[in-house]
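Please build the complex by placing chain B on the supplied structure of chain A, with the hints as guidance.
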Amino acid sequence: MAAAGASAVTVRALVPGADVALIERVLNVHDAPSSTTFVCVGDEISTEGQEGFLRGHGTQVVDGKLVATVCGVVERVNKLIYVKTLNSRYNAEQGDVVVGRVADLAGKAWRVDLKSRQEAKLLLSAVHLPGGIQRRRNAEDELNMRSFFREGELISAEVQSVHADGSVALHTRSAKYGKLVCGQLLEVPPNLIKRQKQHFHTLEALGVELIIGCNGLVWVAPLRPDRLAAANAAAGGGAGEEDEAAAAQPPPPPSRTQLEVVCRMANAIRVLTRLYMPVYPASIMATYEAAVEGEVALADMLEPGFLEAVVAQEAQRRSSAMQE
Amino acid sequence: MEFVSPEGLRLDGRRPRELRRINCQLDVLSNADGSAIFEMGNTKVLAAVFGPHAVTRRSELREEGALVVCEYSMAAFSTGERRRRGKGDRRSTELSMVIRNTLEQAVITELLPRSQIDVYVQVLQADGGTRCAAINAAVLALAAAGVPLRDLVCGCAAGYLDGTPLLDLNYTEDAGGGPDLCVALAPRLDSLYLVQMDNRLPVDTFQAVMELAREGCRTISGVMRQALLEHTQRLAVARGITAAV
Numbered sequence: 001m002a003a004a005g006a007s008a009v010t011v012r013a014l015v016p017g018a019d020v021a022l023i024e025r026v027l028n029v030h031d032a033p034s035s036t037t038f039v040c041v042g043d044e045i046s047t048e049g050q051e052g053f054l055r056g057h058g059t060q061v062v063d064g065k066l067v068a069t070v071c072g073v074v075e076r077v078n079k080l081i082y083v084k085t086l087n088s089r090y091n092a093e094q095g096d097v098v099v100g101r102v103a104d105l106a107g108k109a110w111r112v113d114l115k116s117r118q119e120a121k122l123l124l125s126a127v128h129l130p131g132g133i134q135r136r137r138n139a140e141d142e143l144n145m146r147s148f149f150r151e152g153e154l155i156s157a158e159v160q161s162v163h164a165d166g167s168v169a170l171h172t173r174s175a176k177y178g179k180l181v182c183g184q185l186l187e188v189p190p191n192l193i194k195r196q197k198q199h200f201h202t203l204e205a206l207g208v209e210l211i212i213g214c215n216g217l218v219w220v221a222p223l224r225p226d227r228l229a230a231a232n233a234a235a236g237g238g239a240g241e242e243d244e245a246a247a248a249q250p251p252p253p254p255s256r257t258q259l260e261v262v263c264r265m266a267n268a269i270r271v272l273t274r275l276y277m278p279v280y281p282a283s284i285m286a287t288y289e290a291a292v293e294g295e296v297a298l299a300d301m302l303e304p305g306f307l308e309a310v311v312a313q314e315a316q317r318r319s320s321a322m323q324e
Numbered sequence: 001m002e003f004v005s006p007e008g009l010r011l012d013g014r015r016p017r018e019l020r021r022i023n024c025q026l027d028v029l030s031n032a033d034g035s036a037i038f039e040m041g042n043t044k045v046l047a048a049v050f051g052p053h054a055v056t057r058r059s060e061l062r063e064e065g066a067l068v069v070c071e072y073s074m075a076a077f078s079t080g081e082r083r084r085r086g087k088g089d090r091r092s093t094e095l096s097m098v099i100r101n102t103l104e105q106a107v108i109t110e111l112l113p114r115s116q117i118d119v120y121v122q123v124l125q126a127d128g129g130t131r132c133a134a135i136n137a138a139v140l141a142l143a144a145a146g147v148p149l150r151d152l153v154c155g156c157a158a159g160y161l162d163g164t165p166l167l168d169l170n171y172t173e174d175a176g177g178g179p180d181l182c183v184a185l186a187p188r189l190d191s192l193y194l195v196q197m198d199n200r201l202p203v204d205t206f207q208a209v210m211e212l213a214r215e216g217c218r219t220i221s222g223v224m225r226q227a228l229l230e231h232t233q234r235l236a237v238a239r240g241i242t243a244a245v
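In the order they appear, the protein sequences are chains A and B.
Each residue of the first sequence is one higher than the one before, starting from 1 at the first, in the UniProt record's numbering.
Each residue of the second sequence is one higher than the one before, starting from 1 at the first, in the UniProt record's numbering.
Everything labelled a hint here was simulated from the structure, so no lab data went into it.
Incorrect hints may appear among the rest.
To be verified - Covered stretches of chain A, going by a simulated chain B footprint (3 or more residues, C-beta under 8 angstroms):
id, segment
1, 71 to 82
2, 87 to 93
3, 111 to 119
4, 274 to 282
Ideal Cβ placement from N, Cα and C applies to all residues, glycine included.
Isolated chain A (complex conformation) (with noise of 0.2 angstroms):
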């Protein structure tokens, strides 16, 4: 039997607004210039000395004025005023590397949650068949939908096309888009996220598959052999011989240091998102690393000390490259 007092239980004060407070005092940068314009909803934007101009997402005209809808930064290109939110859902748009979970069947469809306006839709006719024959997909492959994804699972995949009524077309035609088994889901605001060549990230020094979906769901997952040649064959075009040997046997169990790996990482994206800071593979690393070389233990990363840490290295990153 342990000592009584062995295992003291620790208390950690909530200090509401203290990661907000922390950012506004070290990231205050005095000499740079600001030329953004920030509105609040109703506030009028100036349209002064230009011509004609294109009205844009957050803005509605009032009496012939330019009035804000949202709060945000005013944005001008070339004729085009828009104003961009800080926080909003995630808009689909074509292209777009997503994480969603499946929530329903429905038909030849289902629908899965990408955590934006309305849920999308996946066809039976847009999924990658195993082995990657293409045939049609007849009634049998419809009464055995459940056998590819249930409700609930999580997958990734690709926006096909966004139609004029907001709705969203998904397709999961290859073989690194799919169900995501055994890893860790973070939610991230989608505004954090930047839009890449690259959303997977296969880090094979780590043993670490990451994947940065735009709608901001973010996956981190011991890396499994079966996803390498997976990535392989997306990224060489064809499978190679010991890529598909690795892929028949099943996954073996993650190490316990994996495990920590990748608790490091989903806490280093929970650190981002706390700040309020963008979310990409190099800043990811660069608090992945901040955290290793600080021997910070997992559980400290979310403490006000690392926090502290972190965002002194963003200000000596934004000062270093304001002065390039």
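Frame of chain A; chain B shown alone:
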């Protein structure tokens, strides 16, 4: 009971045309898309907005615009005596409907077809003017969630006691038996989205009390606007869009 002293001071020391102290906090809940706490004196209301998201009950799906769902509730500890209220409480149902009607006019629903916006408002501390504070908190939460709004709608209440129009009644003044006029105004559009009154008031006095309530709304709108701008700037600094000044 004397509500306005001969010197012109109310029970809490305010002047007749003075608002209580206002405090706005944004993004207080991490789960919600947008959240806010709005305090007016001792009245404290928490609002959380979830959405726009897919409609939960498909039969209520609207092709032309978003569905706004609102739920108002009072915490058991919000009033002086701890009282557990059920969900089906008549006052809560009425206020849920009233707030929902106001917000539906404020949100540009045509931009969000086939979706649903859930607004939950909970009164944490009640000291008069809860429905106005609820509207203000809900509008702040909607703006924080990035939902497009026609204008920054604000709510304010005014009354008439001891021959004086009084702005922003607290609980004791409200319980004094005089009229209580609650108004929600869109300041830029200068249009009223809600007018509700308890008790009776002669028409000419009503004009004065109405104008006072509208003035109160405009002032509150300024305070809310300031809070939202600060919050937006803070987020932009963190995102690296701009440098802090």
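Checked hints:
1. Under a criterion of three residues with beta carbons nearer than 8 angstroms to beta carbons of chain B, the stated coverage of the segment 71 to 82 of chain A is upheld, 3 such residues being counted.
2. Restraint check on the segment 87 to 93 of chain A versus chain B: 3 residues with Cβ-Cβ distances below 8 angstroms, three needed, restraint holds.
3. Restraint check on the segment 111 to 119 of chain A versus chain B: 6 residues with Cβ-Cβ distances below 8 angstroms, three needed, restraint holds.
4. Using a Cβ-Cβ cut-off of 8 angstroms, 4 residues of the segment 274 to 282 of chain A lie near chain B, which meets the minimum of three, so the contact claim holds.
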